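For the first sequence, counting from 1, position 496 maps to 496 in the numbering used here; every step adds exactly one.
To be clear, the hints were calculated from the coordinates, so they are not data collected in a lab. In this text the structure is predicted, and so the values were computed from the model without any measurement. Built from N, CA and C at the ideal position, the CB exists for glycine as well. Careful: at least some of the hints might be erroneous.
Once the Cα atoms are required to be at most 30 Å apart in a straight line, the calculated DSBU-like pairs of lysine-lysine come out as [what the hints assert, rightly or not]:
| id | residue 1 | residue 2 |
| --- | --- | --- |
| 1 | K8 | K691 |
| 2 | K143 | K195 |
| 3 | K8 | K576 |
| 4 | K241 | K35 |
| 5 | K411 | K195 |
| 6 | K576 | K93 |
| 7 | K8 | K35 |
| 8 | K93 | K578 |
| 9 | K799 | K787 |
| 10 | K476 | K35 |
| 11 | K806 | K787 |
| 12 | K93 | K691 |
| 13 | K411 | K299 |
| 14 | K762 | K787 |
| 15 | K143 | K297 |
| 16 | K241 | K195 |
| 17 | K93 | K662 |
| 18 | K476 | K143 |
| 19 | K458 | K195 |
| 20 | K806 | K762 |
| 21 | K13 | K691 |
| 22 | K578 | K143 |
| 23 | K195 | K476 |
| 24 | K662 | K476 |
| 25 | K93 | K8 |
| 26 | K691 | K662 |
Taking CB as the label site, the calculated pair distances span [to be verified]:
| id | residue 1 | residue 2 | range |
| --- | --- | --- | --- |
| 27 | L748 | D517 | 38 to 44 Å |
| 28 | N363 | E316 | 17 to 23 Å |
| 29 | D548 | R734 | 41 to 47 Å |
| 30 | E389 | G305 | 47 to 53 Å |
| 31 | D443 | I100 | 41 to 47 Å |
| 32 | Q349 | G305 | 39 to 45 Å |
| 33 | D273 | A400 | 36 to 42 Å |
| 34 | P605 | D365 | 24 to 30 Å |
| 35 | E389 | D517 | 47 to 53 Å |
| 36 | S361 | G305 | 52 to 58 Å |
| 37 | I437 | S361 | 54 to 60 Å |
| 38 | G181 | R460 | 22 to 28 Å |
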Amino acid sequence: MEARYDPKSIEEKWQRVWAEERTWEVSNEPDERPKSYVLEMLPYPSGEPHIGHLKVYSVGDALAHFRRRRGMRVLHPMGYDAFGLPAENHAIKTGQHPRISTERSIRQFREQFRSWGISIDWSRELGTHEPEYYRWTQWLFLKLYERGLAYRNEAAVNWCPNDQTVLANEQVVDGRCERCGSAVEVRQLEQWFFKITEYAQRLLDDLETVQWPAHVVTMQRNWIGRSEGARVSFRCESIGKDYEVFTTRPDTLFGATFFVMAPEHPDVLRLNDSAEVREYVNRALTESHEERGAAEKEKTGVPLGRTVTNPVTGEEIPMFVSDYVLMEYGTGAIMAVPAHDERDFQFAQRFGLPVRRVIGSPNGDDALPYTGDGVMVGSGRFDGMHNREAFGEIVAWLEAEGRGRAAVNYKLRDWLLSRQRYWGCPIPVVYCDADGIVPLPEDELPVLLPDVEDYAPKGRSPLAAAEDWVRTTCPKCGGEARRETDTMDTFVDSAWYFLRYCDARNDRAPWDRAVVDRWMPVDQYIGGVEHAILHLMYARFLTKALADLGLVGFQEPFTNLFTQGMITRDGAKMSKSKGNVVSPREYVERYGADTARTYILFIGPPEQDADWSDQGVEGIHRFLARLWRLGVEVAERTDASEADPRGEPTALLRKAHWAIEKVTQDLGERFALHTAISAVIELVNDAYRDKEELYGSAEGRSQLRFAAATAASLIFPFAPHLGSEVYELLTGRRVWEEPWPEHDPALLEEDTFELIVQVNGKLRDRLRAPAGASREEQERLARESEKVAQRLDGRELVKTVVVPGKLVNFVVR
RNA sequence: GCGGAUGUGGCGGAACCGGUAGACGCGCCGGCCUUAGGAGCCGGUGGGCGCUUGCCCGUGGGGGUUCGAGUCCCUCCAUCCGCACCA
């Protein structure tokens with residue numbers, strides 16, 4: 001017998017079968033089976049897949065296999081998020097077209113995914129850079145534009161000086177470019193936006209309809225940042241204009257002793273255009289987010305030499321400009337209540353402004369600023385009221401006077417989607433002197449990305465250099481027009497790919513609604529937490545917009561979300577500079593894909609970070625080899641006719657049924673893939689322990705053969721090649737065509753159980769007791785235990801606790 | 001500062017409803033097989049004391065609820081993550 005587990009030949013054999021027979025393709029025609037859409041987040045193809053990819057697809061594939069064999073029609077597609085900066089930066093360095101390097105990476109990804117044996121429906125494969133795909137990205141842009149959800153506007157935007165492009169707020173982390181780490185500058189530019197703010201409330205509300213990890217929901221909630229408060233008007237008599245502010249504390253209005261505007265506020269220079277103010281404003285505008293953002297920074301500002309009227313006190317309060325007020329939030333101006341707000345307090349200290357207490361603290365503590373609740377003071381007829389009550393009363397008063405109203409404000413800002421870069425989806429509009437912004441008609445799509453000589457960004461899109469391409473005619477008047485040269489944020493491409501998969505080869509529309517409505521929403525979405533806000537928020541927004549357009553029939557794209565943890569090495573994040581990168585290919589070549597996949601799932605709970613260990617890989621490889629040898633040996637030493645277990649159930653047969661139940665629960669009811677694998681290991685260990693004895697009888701052989709085939713069947717979702725191989729060896733059948741096994745509950749029932757006997761809650765003895773023992777019987781058995789009798793002797797029995805089928809606890813004094 | 005998560009052997013982790021703490025794997029120790037093995041097979045492995053049967057301690061620290069707590073409550077500590085001048 002050639003007793004060597006050879007993953008290479010086994011894996012190649014089954015991969016060939018799956019490719020030739022297109023085993024994992026699924027039709028869009030519904031059948032009696034319930035559907036399940038299992039999706040991992042779209043990979044960005046750069047070089048080769050890394051260990052994180054191996055993990056996410058190992059998790060998703062285990063689930064896809066399990067659900068198929070449980071009788072579901074499973075959609076499990078693959079594609080590539082192919083536009084983007086790394087490929088373009090590579091092009092700048094080498095002069096090679098980003099399409100070349102991107103498509104090279106895609107080939108490598110595809111080849112690796114195949115070598116991992118992931119069960120993908122390759123007939124739906126897509127790349128977001130293909131005209132067949134981005135044609136529809138452009139089409140969606142036009143739909144949003146028609147609906148007023150895409151607009152062009154000048155605004156203070158984040159500018160990355162290194163990547164030479166604007167960024168969305170979500171792509172700025174700690175004042176730095178999320179991609180390259182450069183300090184982000186603020187620039188006043190005209191850009192394209194999607195009106196995601198219009199969906200703020202719905203994005204918030206519908207978080208309650210999805211089953212997502214709590215921390216992701218919390219992050220989205222915080223990002224949307226809903227605050228309830230009021231808008232209040234402050235009149236500036238000297239120029240005869242009302243300025244509105246948003247406040248969450250209308251109850252402190254009597255304590256508003258000054259008024260502050262953001263440097264970007266359009267009226268600042270109108271109120272005061274002195275050199276000092278100009279200089280302050282200019283400095284604030286050019287300061288990076290990081291410099292400006294620090295909360296610890298000392299407050300700065302300049303008085304504007306004007307006043308506004310506090311609407312409740314009638315008092316004239318001074319106006320300032322200061323960079324601690326943000327133009328993007330609320331109205332870009334605030335009422336300052338130094339007694340009850342930290343920041344206003346700091347500013348007041350710095351500028352010697354009055355601090356007026358209007359809420360008392362319940363413990364009589366008179367330290368200011370005080371931000372808690374209490375009883376109103378110094379607030380006219382509201383004095384004596386609790387501030388929570390005064391909140392509503394003051395808003396009602398403002399409304400009656402026409403000086404304000406209740407209002408809700410969100411931190412969420414519109415999605416800035418234009419980028420001054422080359423390797424992205426062209427925005428399908430033109431600029432015409434006569435007609436202004438003109439969207440292209442649908443039949444002119446796709447607007448193909450032209451080839452250019454130079455990819456280097458120069459503060460404007462490299463596309464602007466393609467003069468022949470830029471010059472075009474206006475679809476409205478036929479006159480001269482210029483094309484939009486910005487491209488779209490790649491997050492637009494990935495905000496709808498899951499819809500395209502449903503109907504990937506449709507060339508008349510992005511999808512057929514009936515088809516999409518049958519597959520969507522995604523039943524299980526799997527990916528990393530790093531997308532908790534960006535991608536997931538954008539995809540949710542787009543889905544809602546499409547629902548409003550009547551293009552899809554659901555509100556949320558991802559019913560269940562699973563966020564997998566990172567794989568570290570020596571406790572640290574893998575990086576080239578640390579030299580601790582684990583290459584999946586290396587391990588797949590050395591041990592086989594089954595070992596790599598099973599190990600990465602066995603290492604720990606998939607949602608947690610886990611540290612890669614070469615010794616751990618060896619351990620799992622040993623287990624798979626053990627299972628393979630068991631299969632070979634059992635196939636040789638038992639008869640195929642003995643496949644069905646017969647005779648008195650042995651411990652091993654019971655163990656097989658126990659493993660079936662365990663794996664089914666771990667895979668079906670939770671994401672406990674690591675404990676599912678443990679259960680199969682236990683089954684194989686028991687088979688080794690018992691096999692020599694079982695070979696001795698026909699009945700024993702039949703049960704052994706069943707146990708080995710069951711182990712193969714249960715390991716299949718994790719190690720599909722080995723599972724297929726061993727299962728075929730023992731049954732002659734294809735494991736993926738077999739229904740998922742079901743355990744026989746009768747076989748899990750034992751005649752006796754281990755009765756735990758405690759005295760004062762401490763374990764004192766373990767006894768065998770008959771399965772159906774009554775409480776009295778259990779207690780009697782426990783009392784008969786010598787060890788227990790010794791401890792009960794001469795002491796007063798206070799109480800006896802009996803848990804049927806489990807334990808007896810004697811409480812003595 | 002605010003919000004969230006986590007803390008169990010030498011290591012990764014298990015224990016699902018409050019009921020045998022440490023499944024499974026790694027590592028380590030011992031044995032078998034072998035010309036030899038870093039191959040395979042079998043056994044042991046939380047700590048301490050007796051070292052045979054047994055006893056005591058033990059799930060980050062302290063306190064509480066309970067017949068009984070890794071699990072529930074309070075409190076403190078540590079680590080990680082997210083947000084952070086959002087009015």
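Structure-based check of each hint:
1. Our distance criterion of 30 Å between C-alpha atoms is met by K8 and K691, whose separation comes to about 28 Å.
2. Of the supplied pair hints, the one linking K143 and K195 holds, its CA atoms being roughly 13 Å apart against a limit of 30 Å.
3. At most 30 Å may separate the alpha-carbon atoms for a hinted pair to count; K8 and K576 meet this at roughly 28 Å.
4. Pair hint K241 plus K35 does not hold up; C-alpha atoms about 60 Å apart against a cutoff of 30 Å.
5. About 14 Å separates the Cα atoms of K411 and K195, which keeps this hinted pair within 30 Å; it holds.
6. Taken as a hint, the K576 and K93 pair is honoured in the structure, with Cα atoms around 19 Å apart against an allowance of 30 Å.
7. A C-alpha spacing of about 33 Å is found between K8 and K35, which places the hinted pair above 30 Å, so the restraint is violated.
8. Proximity of K93 to K578 is assessed by CA-CA distance (about 24 Å); at most 30 Å being required, the pair is judged to hold.
9. For the given pair, K799 sits about 18 Å from K787 by alpha-carbon distance, which is consistent with the 30 Å threshold.
10. Taken as a hint, the K476 and K35 pair is broken in the structure, with Cα atoms around 45 Å apart against an allowance of 30 Å.
11. Between K806 and K787, the direct Cα distance comes to roughly 18 Å. Compliance with the 30 Å bound is thereby established for this hinted pair.
12. This hinted pair does not check out: K93 and K691 have alpha carbons roughly 63 Å apart, beyond 30 Å.
13. Restraint check for K411 and K299: satisfied, since their Cα atoms lie roughly 22 Å apart, inside the 30 Å limit.
14. A hinted pair counts as satisfied when its Cα atoms are at most 30 Å apart, and K762 with K787 qualifies at roughly 12 Å.
15. For the hint linking K143 to K297, the alpha-carbon distance of about 45 Å lies beyond 30 Å, and the restraint is violated.
16. For a cut-off of 30 Å, the pair hint linking K241 to K195 stands: about 29 Å separates their Cα positions.
17. Pair hint K93 plus K662 does not hold up; C-alpha atoms about 54 Å apart against a cutoff of 30 Å.
18. Distance restraint check for K476 and K143: the Cα-Cα separation of roughly 18 Å lies within the 30 Å cut-off, and the hinted pair is therefore satisfied.
19. With a C-alpha separation of about 28 Å, the suggested pairing of K458 with K195 holds against the 30 Å cut-off.
20. Our distance criterion of 30 Å between C-alpha atoms is met by K806 and K762, whose separation comes to about 14 Å.
21. Taken as a hint, the K13 and K691 pair is honoured in the structure, with Cα atoms around 29 Å apart against an allowance of 30 Å.
22. Of the supplied pair hints, the one linking K578 and K143 is violated, its CA atoms being roughly 46 Å apart against a limit of 30 Å.
23. With a C-alpha separation of about 25 Å, the suggested pair K195 and K476 falls inside the 30 Å cut-off, and the hint holds.
24. A hinted pair counts as satisfied when its Cα atoms are at most 30 Å apart, and K662 with K476 does not qualify at roughly 66 Å.
25. With a CA separation close to 38 Å, the supplied pair K93 and K8 exceeds the 30 Å bound.
26. The suggested pairing of K691 with K662 holds, with an alpha-carbon distance near 22 Å, which does not exceed 30 Å.
27. At about 42 Å, the beta-carbon gap between L748 and D517 stays in the expected band of 38 to 44 Å.
28. Taking 17 to 23 Å as the suggested C-beta distance range, the pair N363 and E316 does not conform, at roughly 34 Å.
29. D548 and R734 have their C-beta atoms about 46 Å apart, which keeps the hinted 41 to 47 Å range intact.
30. Distance hint for E389 and G305: a CB-CB separation of about 38 Å, inconsistent with the stated range 47 to 53 Å.
31. At roughly 30 Å, the beta-carbon separation of D443 and I100 lies outside the given 41 to 47 Å, and the hint is violated.
32. Range check, Q349 to G305: Cβ separation about 21 Å, and the 39 to 45 Å hint is violated.
33. Separation of D273 from A400 is about 37 Å and conforms to the stated range, judged on CB atoms against 36 to 42 Å.
34. Judged by the Cβ atoms, the range 24 to 30 Å given for P605 and D365 is violated: they are separated by roughly 46 Å.
35. Taken as a hint, the range 47 to 53 Å holds for the pair E389 and D517, whose Cβ atoms sit roughly 49 Å apart.
36. In this structure the hint that S361 and G305 lie 52 to 58 Å apart at CB is violated, the actual value being about 35 Å.
37. Range check, I437 to S361: about 55 Å between beta-carbon atoms, so the 54 to 60 Å window is met.
38. Range check, G181 to R460: about 23 Å between beta-carbon atoms, so the 22 to 28 Å window is met.
Checked against the numbered hints given earlier, this structure breaks hints 4, 7, 10, 12, 15, 17, 22, 24, 25, 28, 30, 31, 32, 34, 36; the rest are met.
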